[in-house]
Amino acid sequence: MKLAKIVHEEDNVATALEDIYAGEQVKSRLKDNELILMCNHDVPFGHKIAIAEIRSGDKIVKYGHAIGSATQDIEKGDWVHVHNVRDDYKVLDKEGKPLPGQDG
Amino acid sequence: MKFCGYPRADGTVGARNYVAIMPTTGCVNAVCYHIEKLIRGTKALPHHQGCLHPSQDTEQVTRTLINLGKNPNVAAVLLVGLGCEMVLAEQVLEGIRESGKPVELVVVHQIGGMLDTINNGAKIAAEMVLEASAIQREEVGLDKLCFGTKCGSSDTTSGLSSNLVVGEVCRIMTENGGKFIQGEVCDIMGGEYALKKLCVAEEHGERIVDFVRDLYLRGIAVGADVRGSQMTVGNVAGGLTTLVEKALGANAKGADVPIQTSVRYAEIPEGPGRHIMDIPGHGFENLVGLAAGGAIIHLFTTGRGAPNGNPLLPTIKVCGNAKTNVTMREHIDVDVSSIIEETETVSEAGQRLYEYAIDVANGKMTRAEILNFDGTMEILIKGPVI
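Going down the list, the protein sequences come from chains A and B.
My numbering applies: residue 1 is where the first sequence begins, and numbers increase by one.
My numbering applies: residue 1 is where the second sequence begins, and numbers increase by one.
Calculated from the structure, these hints are not laboratory results.
Backbone N, C-alpha and C fix where the C-beta goes; we use that ideal spot for every residue, glycine too.
Mixed in with the good hints there might be a few duds.
[Stated by the list, open to error] Here are the simulated BS3-like pairs of lysine-lysine, each with C-alpha atoms no more than 30 angstroms apart in a straight line:
no.: 1; chain 1: A; residue 1: 31; chain 2: B; residue 2: 197
no.: 2; chain 1: B; residue 1: 196; chain 2: A; residue 2: 90
no.: 3; chain 1: B; residue 1: 197; chain 2: A; residue 2: 90
no.: 4; chain 1: A; residue 1: 76; chain 2: A; residue 2: 31
no.: 5; chain 1: B; residue 1: 364; chain 2: B; residue 2: 37
no.: 6; chain 1: A; residue 1: 5; chain 2: B; residue 2: 197
no.: 7; chain 1: A; residue 1: 97; chain 2: B; residue 2: 382
no.: 8; chain 1: B; residue 1: 123; chain 2: B; residue 2: 43
no.: 9; chain 1: A; residue 1: 94; chain 2: B; residue 2: 196
no.: 10; chain 1: B; residue 1: 197; chain 2: A; residue 2: 59
no.: 11; chain 1: B; residue 1: 323; chain 2: A; residue 2: 31
no.: 12; chain 1: B; residue 1: 196; chain 2: A; residue 2: 31
no.: 13; chain 1: A; residue 1: 59; chain 2: A; residue 2: 97
no.: 14; chain 1: A; residue 1: 31; chain 2: A; residue 2: 2
no.: 15; chain 1: B; residue 1: 197; chain 2: A; residue 2: 97
no.: 16; chain 1: A; residue 1: 5; chain 2: A; residue 2: 27
no.: 17; chain 1: B; residue 1: 196; chain 2: A; residue 2: 59
no.: 18; chain 1: A; residue 1: 94; chain 2: B; residue 2: 382
no.: 19; chain 1: A; residue 1: 5; chain 2: B; residue 2: 196
no.: 20; chain 1: B; residue 1: 323; chain 2: A; residue 2: 2
no.: 21; chain 1: A; residue 1: 5; chain 2: A; residue 2: 31
no.: 22; chain 1: A; residue 1: 94; chain 2: B; residue 2: 197
no.: 23; chain 1: A; residue 1: 27; chain 2: A; residue 2: 2
no.: 24; chain 1: A; residue 1: 97; chain 2: B; residue 2: 196
no.: 25; chain 1: A; residue 1: 59; chain 2: A; residue 2: 31
no.: 26; chain 1: A; residue 1: 90; chain 2: B; residue 2: 382
[Unchecked claim] Only some residues are given here: those of chain B computed to face chain A with a beta carbon under 8 angstroms:
no.: 27; residue: 156
no.: 28; residue: 160
no.: 29; residue: 213
no.: 30; residue: 216
no.: 31; residue: 217
no.: 32; residue: 220
no.: 33; residue: 225
no.: 34; residue: 243
no.: 35; residue: 244
no.: 36; residue: 245
no.: 37; residue: 340
Using the sequences and the hints, build the whole thing.
Right, dumping it as structure tokens:
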């Protein structure tokens, strides 16, 4: 059984603690509960795996905070990375508008 | 656990007991190195600033030098000036003198050349070491501890293990009344609003966001979007998806401990608890800012193995990458790969690191100290070099 780490109880992703391959079972511990799920893709060490269904537009949550949004539906057990997550971050001015130079 | 440190006249307590040989301009670093070699117990604090700055940077360098001199790990200071630099050596002298510790100044132009300045300076430094060496460690409360932190040569394990463990140290040591300072504005970028929520006072939260805006706009002024340079190809290959994710992993070094204040670079934060300083991620300027802020120990997390320390700050390298703990063993002080292997909890490893840090505060040497890998430092300037 491969291991993945959930950092915060509100997270919807876990981070692979070793290389995990499609079809393998993954175990994650959250406080006293153990979560076991099937990995749908190859997920290298340090990369993220969805531990819940995530709909397109939903926030990806790690460390208890939104780190980006899903650009497509993500199933439980899917690999979560730049191919299905958008970085929403911009540096904002005091009115909440993006500072210049952040077109991307 | 007990902290036994060197008591200072201003009420602070040091983990080390150095006589600092401090240049007011990089032009006289050579003089400082020579005195350091001649006189045991001295530490040269070489940097490359002190002249040809916009006035804001002259003020910043002056503040940094004064507050480095006030660092509790310093027993006495010999200032070395050239005589024509923008930083006013007399101002630095008076600033350090406020702390009540011995401080003297030698100026190369006044004495007439390097050799006689070394002669005069070394004689002063020798007397300072004689006096400093008589200072005894005394048992004081754990509230006298002040730790700084940063991450460097990070990898995937940093945000999953070592940073979380340092976050636990932050929680324990601030509960015991200690002071904890972190910064790395480049790494806060993306996580500034998460930090803002932890601020006890609204004004400090907004100021932390201002630190990020300032860094971003300084990048834009030279045509660079520093958001992009913060997310490296290596980060993405390692599994980091967004800048916010990276920032949250870096900010984890303070866990969710409330933030008491924000301070400018090299300012001394007031009161116990967690504080955020406007410091860059770059290690040389970072550790100097924290040392000037009053840190006496530095907790430096690394994944790939960053070897550097700082002349004044015993720097404890904390690593969660099991491979690095073998290949870079001579540089790593505390192995927390147990967190990745899930054989130890974050709170257990945090307690272990806290106790290790107190041992270091009590005199145990860090690997960077033993290897003499702690001689490089720099003072942050924000404007152009003129």
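Status of the hint placing residue 217(B) at chain A (closest C-beta pair under 8 angstroms): 7 angstroms, holds
Hinted pair residue 59(A) and residue 97(A), Cα distance within 30 angstroms: 21 angstroms, holds
Proposed proximity, residue 2(A) with residue 31(A) (alpha carbon, max 30 angstroms): 18 angstroms, holds
Restraint check for residue 323(B) with residue 2(A), where alpha carbons must lie at most 30 angstroms apart: Between residue 323(B) and residue 2(A) the Cα gap is close to 19 angstroms, so the pair holds against 30 angstroms.
Straight-line alpha-carbon gap residue 196(B) to residue 59(A), limit 30 angstroms: With a Cα-Cα distance of about 20 angstroms, the restraint between residue 196(B) and residue 59(A) holds, given a limit of 30 angstroms.
Pair hint residue 197(B) and residue 59(A), alpha-carbon separation not exceeding 30 angstroms: 19 angstroms, holds
Residue hint residue 220(B), partner chain A, criterion CB-CB below 8 angstroms: With Cβ-Cβ at 5 angstroms, under 8 angstroms, it holds.
Pairwise hint evaluation, residue 31(A) against residue 323(B), where the allowed Cα distance is 30 angstroms at most: With a Cα-Cα distance of about 27 angstroms, the restraint between residue 323(B) and residue 31(A) holds, given a limit of 30 angstroms.
Restraint status (C-alpha distance of residue 76(A) to residue 31(A) at most 30 angstroms): Satisfied, since the Cα-Cα distance of roughly 20 angstroms is no more than 30 angstroms.
30 angstroms limit on alpha-carbon distance, applied to hinted pair residue 31(A) and residue 197(B): Holds: residue 31(A) and residue 197(B) sit about 25 angstroms apart, inside 30 angstroms.
Given hint residue 244(B) near chain A, where the shortest CB pair must fall under 8 angstroms: 5 angstroms, holds
Given hint residue 382(B) paired with residue 94(A) - CA-CA distance at most 30 angstroms: The given pair, whose Cα atoms are some 22 angstroms apart, holds under the 30 angstroms limit.
Checked against the numbered hints above, the structure violates none of them.
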